[in-house]
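Enquirer: Single-letter residue listing:
Number of protein chains: 2
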Amino acid sequence: MPNKDTRLTILEKGARIIHKKGYNHTGLQEILDAANVPKGSFYHFFKSKEDFGLNLLDHYAAFFARKAGDLVKTDTPPLQRLKSFFHGFRCFFEDNACELGCPIGNLSQEMGDLNPAFRKKLEEIFQMMVSPVEKLLKEAQERKELPRKMDTREMADFIINSWEGAILRMKVQKNPDALRLFDKMVFDGFLKQPHK
Amino acid sequence: MPNKDTRLTILEKGARIIHKKGYNHTGLQEILDAANVPKGSFYHFFKSKEDFGLNLLDHYAAFFARKAGDLVKTDTPPLQRLKSFFHGFRCFFEDNACELGCPIGNLSQEMGDLNPAFRKKLEEIFQMMVSPVEKLLKEAQERKELPRKMDTREMADFIINSWEGAILRMKVQKNPDALRLFDKMVFDGFLKQPHK
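If you read the protein sequences in the order shown, they are chains A and B. Going letter by letter, the first sequence gives residues 144 to 339 in this note's numbering. Going letter by letter, the second sequence gives residues 144 to 339 in this note's numbering.
Bound-form chain A, shown alone (with noise of 0.2 angstroms):
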C-alpha cells in the first residue's frame, strides 16, 4: 500500500534526476526505476507527468519557504545574514563540482515557454526567494547599513535575478568564479554605497 513516504521517495528520487537532466528529458521509467516504485504506486500519488512536476514545484516552494524562515531567525547582522545565505549555496555547488545549477533556474529556463502552470508556479518561487531578501535589506535600511533612498524590491528582484546568471554561467565555466564575482559585486559594490 503506497503510503506518505513513498510520495516523498519518489518526489525526492525524480528531484534528483530532473535537477541534472531537465524535465522533459527526464523518463517517468527512470523516475520509477530511481524510487523502485511499481507505475501503480506513482499514479497513486499523480495523475500524469505533468502534475508529478507541478508537485515537484510544490515541493521546492517548500524548500524556500523554509530557507527564508532560516534567514530571518537569527541575530546575525542583515547583510551578514544575506551573504552568508549565499555563501552556502555556493558551498553546495563546489561540493557538487559546479553541476546541477539552482533547479528553479533550470526549470525557468526549460518550461518558461512550454508549459503555462509551471510557469506561474516558477514565478511564484521566484517571488518566494525575492522576498526574504527584500526583507533583509529594509532591516539593513532601517540600521542605517543601506542607504534610505534604495528600492529595496527592485534590489532584491535584481540580486536574484544576476545569481541565476551567475549560477548559469557556472554550469558551463565548471569553477565558482562567477558566484564569487557575484559576491564581491553585490556585497563590495551595490550594498556598500555612502549611505545617504
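By construction, these hints were calculated from the structure, which means they are not laboratory data. Be aware that a few hints might be false.
Put simply, identical chains are the same to the list, so a pair is met inside one copy or across any two.
Below, computed lysine-lysine pairings styled on DSS-like, alpha-carbon distance capped at 25 angstroms [as the list claims (entries may be wrong)]:
(1) Lys263 / Lys317
(2) Lys216 / Lys182
(3) Lys263 / Lys192
(4) Lys281 / Lys216
(5) Lys156 / Lys190
Given the structure of chain A, go ahead and fit chain B onto it with the hints provided.
Expert: The following block gives chain B in isolation, referenced to the frame of chain A:
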C-alpha cells in the same frame, strides 16, 4: 544534390525549434520536417544530432562575432553603444512575447552538465559576448567616463552573467521588467559611479 543553402536552412530551422523547446526535447524528425529535407540530406552535412548541435553553436558564435563587430564600428560614445546593444535585444524579446530567451543561456542551462563538448563551446561563446563589453568599458575608462580602478573584465563578466539572469527571469514573468531593471541597475548604478 544538397548544397550550402540546404545546410544553412537545416541550421536555421533547427535553431528556431531548439530555441523554444530545448535541444533534447527536439526530435531529428521535427528538424527535417521544418527544413523540408530528407534524412539523407541531414546526414550529408552532419554526422549525428550531436554534431548538428555543435555546428549550431558555431553558427551562434558567428552571429555573436558579427554583433561584436557592429559594437565597435560606430562613433557613438561607448557606454551609450553598450546600452543600445542590450536595448536591441530587449526589443527582440518584446517583439517575441518575452519568449525564447537567449539560445546560449538556454543551452548552457540544459547541456552544461550533460555534454562536455557543448559545455566547452558554450563557455567560448560566453567569452565572445564578454569580450566586446570589456572593450567598450575600457574605451569608456580611457575617456574618463568610468573610474580608472574598475576591473573592466570582471565588470563585463558580471554584466553578461546578470543579463542572462534577467532573461531567465523574463521567461517566467512574461514581461520585460527584469530586462528594464538590469538596464537601470547597470547603467544608472554600476556604470555611474563617481569617477575617481
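Enquirer: Hint by hint, say whether it matches the structure.
Expert: Cross-check of the supplied hints:
1. Within a single copy, lysine 263 and lysine 317 get their C-alpha atoms only as close as 30 angstroms, which misses the 25 angstroms cut-off; across copies the closest is 10 angstroms, which meets it.
2. Neither within a single protomer nor between protomers do lysine 216 and lysine 182 lie at most 25 angstroms apart by alpha-carbon distance, with minima of 42 angstroms and 60 angstroms respectively.
3. For a Cα distance limit of 25 angstroms, the shortest separation of lysine 263 from lysine 192 inside one copy, 17 angstroms, qualifies, whereas the shortest one across copies, 32 angstroms, does not.
4. In this assembly of identical chains, the alpha carbons of lysine 281 and lysine 216 lie at most 25 angstroms apart only when taken from the same copy (15 angstroms versus 44 angstroms across copies).
5. With identical chains, the CA atoms of lysine 156 and lysine 190 are at most 25 angstroms apart within one copy only, with a shortest distance of 18 angstroms there and 35 angstroms across copies.
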